[in-house]
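Residue numbers (this note's numbering), protein chains in the order written: chain A, 3 to 272; chain B, 3 to 272; chain C, 3 to 272; chain D, 3 to 272.
Hints are not guaranteed to be accurate.
Heads up, the list lumps identical chains together, so a pair's fine if it works in one copy or across two of them.
Below, a list of computed lysine to any residue pairs in the SDA-like style, where the Cα atoms sit at most 20 angstroms apart [what the hints assert, rightly or not]: (1) Lys47 to Val86; (2) Lys63 to Gln4; (3) Lys181 to Arg212; (4) Lys181 to Val86; (5) Lys29 to Val113; (6) Lys72 to Asp238; (7) Lys153 to Pro186; (8) Lys181 to Arg213; (9) Lys72 to Gly123; (10) Lys47 to Val143; (11) Lys47 to Asp148; (12) Lys63 to Ser19; (13) Lys181 to Glu214; (14) Lys47 to Ala141; (15) Lys153 to Thr54; (16) Lys72 to Ala94; (17) Lys63 to Leu125.
Worth flagging that the hints you see were computed from the coordinates, not collected in a lab. Computed from a predicted structure; not experimentally measured.
Number of protein chains: 4
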Amino acid sequence: GQPLVVIAGLNVLEDLSMAIEVGRHLKAVTADLGLPYVFKASFDKANRSSITSYRGPGLEKGLQMLAAVKAELNVPICTDLHEVDQADPVAAVADIVQIPAFLCRQTDLVVATARATAAAGGLLHVKKGQFLAPWDCRAIVDKIGDATGGKAITILCERGVSFGYNNLVVDMLGIGRMKDLGVPVTIDATHAVQLPGADPRGNSVATGGRREGVPVIARAAVASGADGVFLEFHPDPDRALCDGPSALPISEAAGLLAQLKAIRSAVGGA
Amino acid sequence: GQPLVVIAGLNVLEDLSMAIEVGRHLKAVTADLGLPYVFKASFDKANRSSITSYRGPGLEKGLQMLAAVKAELNVPICTDLHEVDQADPVAAVADIVQIPAFLCRQTDLVVATARATAAAGGLLHVKKGQFLAPWDCRAIVDKIGDATGGKAITILCERGVSFGYNNLVVDMLGIGRMKDLGVPVTIDATHAVQLPGADPRGNSVATGGRREGVPVIARAAVASGADGVFLEFHPDPDRALCDGPSALPISEAAGLLAQLKAIRSAVGGA
Amino acid sequence: GQPLVVIAGLNVLEDLSMAIEVGRHLKAVTADLGLPYVFKASFDKANRSSITSYRGPGLEKGLQMLAAVKAELNVPICTDLHEVDQADPVAAVADIVQIPAFLCRQTDLVVATARATAAAGGLLHVKKGQFLAPWDCRAIVDKIGDATGGKAITILCERGVSFGYNNLVVDMLGIGRMKDLGVPVTIDATHAVQLPGADPRGNSVATGGRREGVPVIARAAVASGADGVFLEFHPDPDRALCDGPSALPISEAAGLLAQLKAIRSAVGGA
Amino acid sequence: GQPLVVIAGLNVLEDLSMAIEVGRHLKAVTADLGLPYVFKASFDKANRSSITSYRGPGLEKGLQMLAAVKAELNVPICTDLHEVDQADPVAAVADIVQIPAFLCRQTDLVVATARATAAAGGLLHVKKGQFLAPWDCRAIVDKIGDATGGKAITILCERGVSFGYNNLVVDMLGIGRMKDLGVPVTIDATHAVQLPGADPRGNSVATGGRREGVPVIARAAVASGADGVFLEFHPDPDRALCDGPSALPISEAAGLLAQLKAIRSAVGGA
Numbered sequence: 003g004q005p006l007v008v009i010a011g012l013n014v015l016e017d018l019s020m021a022i023e024v025g026r027h028l029k030a031v032t033a034d035l036g037l038p039y040v041f042k043a044s045f046d047k048a049n050r051s052s053i054t055s056y057r058g059p060g061l062e063k064g065l066q067m068l069a070a071v072k073a074e075l076n077v078p079i080c081t082d083l084h085e086v087d088q089a090d091p092v093a094a095v096a097d098i099v100q101i102p103a104f105l106c107r108q109t110d111l112v113v114a115t116a117r118a119t120a121a122a123g124g125l126l127h128v129k130k131g132q133f134l135a136p137w138d139c140r141a142i143v144d145k146i147g148d149a150t151g152g153k154a155i156t157i158l159c160e161r162g163v164s165f166g167y168n169n170l171v172v173d174m175l176g177i178g179r180m181k182d183l184g185v186p187v188t189i190d191a192t193h194a195v196q197l198p199g200a201d202p203r204g205n206s207v208a209t210g211g212r213r214e215g216v217p218v219i220a221r222a223a224v225a226s227g228a229d230g231v232f233l234e235f236h237p238d239p240d241r242a243l244c245d246g247p248s249a250l251p252i253s254e255a256a257g258l259l260a261q262l263k264a265i266r267s268a269v270g271g272a
Numbered sequence: 003g004q005p006l007v008v009i010a011g012l013n014v015l016e017d018l019s020m021a022i023e024v025g026r027h028l029k030a031v032t033a034d035l036g037l038p039y040v041f042k043a044s045f046d047k048a049n050r051s052s053i054t055s056y057r058g059p060g061l062e063k064g065l066q067m068l069a070a071v072k073a074e075l076n077v078p079i080c081t082d083l084h085e086v087d088q089a090d091p092v093a094a095v096a097d098i099v100q101i102p103a104f105l106c107r108q109t110d111l112v113v114a115t116a117r118a119t120a121a122a123g124g125l126l127h128v129k130k131g132q133f134l135a136p137w138d139c140r141a142i143v144d145k146i147g148d149a150t151g152g153k154a155i156t157i158l159c160e161r162g163v164s165f166g167y168n169n170l171v172v173d174m175l176g177i178g179r180m181k182d183l184g185v186p187v188t189i190d191a192t193h194a195v196q197l198p199g200a201d202p203r204g205n206s207v208a209t210g211g212r213r214e215g216v217p218v219i220a221r222a223a224v225a226s227g228a229d230g231v232f233l234e235f236h237p238d239p240d241r242a243l244c245d246g247p248s249a250l251p252i253s254e255a256a257g258l259l260a261q262l263k264a265i266r267s268a269v270g271g272a
Numbered sequence: 003g004q005p006l007v008v009i010a011g012l013n014v015l016e017d018l019s020m021a022i023e024v025g026r027h028l029k030a031v032t033a034d035l036g037l038p039y040v041f042k043a044s045f046d047k048a049n050r051s052s053i054t055s056y057r058g059p060g061l062e063k064g065l066q067m068l069a070a071v072k073a074e075l076n077v078p079i080c081t082d083l084h085e086v087d088q089a090d091p092v093a094a095v096a097d098i099v100q101i102p103a104f105l106c107r108q109t110d111l112v113v114a115t116a117r118a119t120a121a122a123g124g125l126l127h128v129k130k131g132q133f134l135a136p137w138d139c140r141a142i143v144d145k146i147g148d149a150t151g152g153k154a155i156t157i158l159c160e161r162g163v164s165f166g167y168n169n170l171v172v173d174m175l176g177i178g179r180m181k182d183l184g185v186p187v188t189i190d191a192t193h194a195v196q197l198p199g200a201d202p203r204g205n206s207v208a209t210g211g212r213r214e215g216v217p218v219i220a221r222a223a224v225a226s227g228a229d230g231v232f233l234e235f236h237p238d239p240d241r242a243l244c245d246g247p248s249a250l251p252i253s254e255a256a257g258l259l260a261q262l263k264a265i266r267s268a269v270g271g272a
Numbered sequence: 003g004q005p006l007v008v009i010a011g012l013n014v015l016e017d018l019s020m021a022i023e024v025g026r027h028l029k030a031v032t033a034d035l036g037l038p039y040v041f042k043a044s045f046d047k048a049n050r051s052s053i054t055s056y057r058g059p060g061l062e063k064g065l066q067m068l069a070a071v072k073a074e075l076n077v078p079i080c081t082d083l084h085e086v087d088q089a090d091p092v093a094a095v096a097d098i099v100q101i102p103a104f105l106c107r108q109t110d111l112v113v114a115t116a117r118a119t120a121a122a123g124g125l126l127h128v129k130k131g132q133f134l135a136p137w138d139c140r141a142i143v144d145k146i147g148d149a150t151g152g153k154a155i156t157i158l159c160e161r162g163v164s165f166g167y168n169n170l171v172v173d174m175l176g177i178g179r180m181k182d183l184g185v186p187v188t189i190d191a192t193h194a195v196q197l198p199g200a201d202p203r204g205n206s207v208a209t210g211g212r213r214e215g216v217p218v219i220a221r222a223a224v225a226s227g228a229d230g231v232f233l234e235f236h237p238d239p240d241r242a243l244c245d246g247p248s249a250l251p252i253s254e255a256a257g258l259l260a261q262l263k264a265i266r267s268a269v270g271g272a
């Protein structure tokens, strides 16, 4: 079997030295375990609840930072985009270009990103919308195939589906249904534990203890056949500028990834 | 009380004469009932499942058609957009500019559209995402307020929330929660009955009889306090180029709107 | 069309004088409106969260109280049961015997109650389980038909379906699907607004303002075609021994029922 | 850590020789793996959709069969009950007495079963209702504690929660929340994959391939920290008299249980 792919890094770029620090650590940990590694960080968080929230360095500066991480660490890069105009510049830097979940049905964005990514020799990481069934992803896979002349560049990512209000649930049976579409499937354990719409820093009651859910979802999804795992870390999660409550401390990476490797081995994946 | 507002027309623009025919009929019907009327049609369906589906005339030709409807019928116009660049030209023609449900959390689009719409003296019709709780709309209302210096231009639209796979449900209690945010609330009864992800023309079994649900949702929502109703009609729904299975025949407009007016009267709305 | 049926009274029997007071008031209000009236109260709340909660007077004393209400007011009686052994004594007093939602799939209880009720000339009011789809009720209707030699004694009652955790939602499209089974359908607007699992007296945050949802659900369901409404009142809801937070003050009965009658009239029901 | 507990056997008793055959095989497989084993079979399926479906041998004959299995194989026994009157006779034979999911909120049944089970020195296996949140189980645990003077006899079992219509989902984060109540938690992977309300033998489209989901749910739940697994097997699932479509062939027991043991080892459980 194939080894578990690890797409991991930061929720959003803060400064270059932190990005390199996190990437260097994750590269070392995954190398020890013999797992393929891709560094991930966003340059723009385009759907923050508030207009005044930190969004990241933006396209130009962000891509420069990602290129610097790549040059420094010699690792492939994954980042996400939100507008048609970003497809070419992002595909020039990122090895894996990511479509956000809310945007996975926007034809123009998916088509432009697929074409730019295919032309650059990269892969496309599509987060499944919180409003989609596993089998609904067939339309997305077909759309990318139609746009690229049938190139097999799609990876689907499960990140939870709407379950009542202000909650998501990961349906572990869905991972197999997504793999049935003929593509690799990853689990975004970080966003799957987020409580949508509830401010994790506010006084909403339901947000306690979700960070501890990240390893649970990751382990369960690998046990269910996921081919890769998507995880966000931070050197000091409680001071992260975005989504700190679901970020794992970087110190937990080695232990968790070793567990995931052992589970994948138990289910015959590697 | 205020009379029920009617935003109604076509799912997507096909040809100008059909748009005028539908708008003329709806203008006459609403005038008879004493209800305010806004003509609605989309110029681009940007999230069709398939890359080969009909999407509409596009921005330029579509706005020309909408301006022609406005000139011919002297009615306000509602249409939706999908990209930041479309905000100014759309706000120049449309009296009510609509943000699609999947895009309601995209900060750049919401902000650009709010500013363009406020500058043009229009209103903003924001479809609530299928992944949002009613109270989550507060962040959207605040974002628009922040972007426009506090102008009260927002109308929220309920169109159903994810309920398991390939289904939506309208929570009638949510209409009041959205009104609690201090904005008018409409019901999009047409999209609320759609079965997401399932092809309504295919052999999926769950799609029968949904068109008959449109009047049910509209009646229930008005009984629950909705201030307006959003409805899509077609002269011949089974030949519509998009979303025909949820479109009502134009011949049913008068009867349904009369019922809705009577219900609103029963609940003290007018 | 048929007039709207009103099944209304107390959540649980407390003392006889209160039951008669509530029943007398509701009888007068419904008589003024020309609506058929059935007095409802439970003798035992068999699934309270805590073992120490008030459950009611029990079978023997409760049936005596219900018989006294019937004798005093000359109205039909509706009450619910929980065990096979209760079927005969309950059917001897109640004109409408009710199966609780959690128990609607228990074959022995449904069959025994159906037979006892049919033998006594009564009707069966089956609450749809929170875990059932509207069309799943066909099996229940068939089971009752099989048990009674095909007697048409079944009324189905919608009281909400599980929607995430600690929440229910009423799918207004489901009312029509239940009526498609050939039976009358009522809406239990009182239980539909309860937040399951959350203690309405505790410090759980989600419970505020639900009582105000009762009229909303009732109005929406009648607008959607419900044939009857099930409502619980109390002279002083905040002092009710069970489920006070969802009980309406008896003083609100006249206004709400007049509204419901007007809505039913608007949709062609009477 | 503790080894994974295996509660496994037949959905419903058919004949004694099959019960012994299945129990003998599972005893041997679990002994090889060093896992504690409990034989499970029901004597009555009390909530079949149809009145004419096979329900099992009934209380008296069923308990005789279970006692014979226990005598023949020298294994503890798990079976479920549905009425207060069954508590004493069932607790006299079963080492683990099970409360069905639909009945987990029925106070009289839970209390009578808890008392009979505690008196007989057994344990109580409570299936979490499809309509409950993980934390709602606190009320059940407390109720059992109140009924037994605080005896720690409760095991909670996750079997999926309502997710839209005719579907369940297992929330892997819920397993930890149930363990937080201070009790062991098992996963019923067999019932968790059932599609409620849809006839698995009929022409409903959604039922394909669910049996293959049983190992997925079992693996994911053990990776998420479940202390035990509940599984139903059959020598020839396609000829099973009840719930064959979710039963695993007995020949798959050894491979699956070895995998589950390896996953538990990977997550530190044994």
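Verification of the hints:
1. Lys47 to Val86: So Lys47 and Val86 pass the 20 angstroms test inside a copy (16 angstroms) and across (16 angstroms) alike.
2. Lys63 to Gln4: neither (35 angstroms within a copy, 51 angstroms between copies)
3. Lys181 to Arg212: Between copies only: 15 angstroms across, 27 angstroms inside.
4. Lys181 to Val86: This pair counts as neither: shortest intra-copy Cα distance 27 angstroms, inter-copy 35 angstroms.
5. Lys29 to Val113: Cα proximity of Lys29 and Val113: none, with 32 angstroms in one copy and 39 angstroms across.
6. Lys72 to Asp238: Close neither inside one copy (23 angstroms) nor across copies (56 angstroms); limit 20 angstroms.
7. Lys153 to Pro186: within (14 angstroms within a copy, 47 angstroms between copies)
8. Lys181 to Arg213: between (27 angstroms within a copy, 17 angstroms between copies)
9. Lys72 to Gly123: Cα proximity of Lys72 and Gly123: one copy only (16 angstroms, versus 48 angstroms across).
10. Lys47 to Val143: between (25 angstroms within a copy, 19 angstroms between copies)
11. Lys47 to Asp148: Between copies only: 18 angstroms across chains, 29 angstroms inside a chain, cut-off 20 angstroms.
12. Lys63 to Ser19: Within one copy, since 14 angstroms is at most 20 angstroms while 49 angstroms is not.
13. Lys181 to Glu214: between (27 angstroms within a copy, 14 angstroms between copies)
14. Lys47 to Ala141: Between copies only: 15 angstroms across, 26 angstroms inside.
15. Lys153 to Thr54: The answer is between: 18 angstroms across copies meets 20 angstroms, while 40 angstroms in one copy does not.
16. Lys72 to Ala94: within (12 angstroms within a copy, 45 angstroms between copies)
17. Lys63 to Leu125: neither (22 angstroms within a copy, 35 angstroms between copies)
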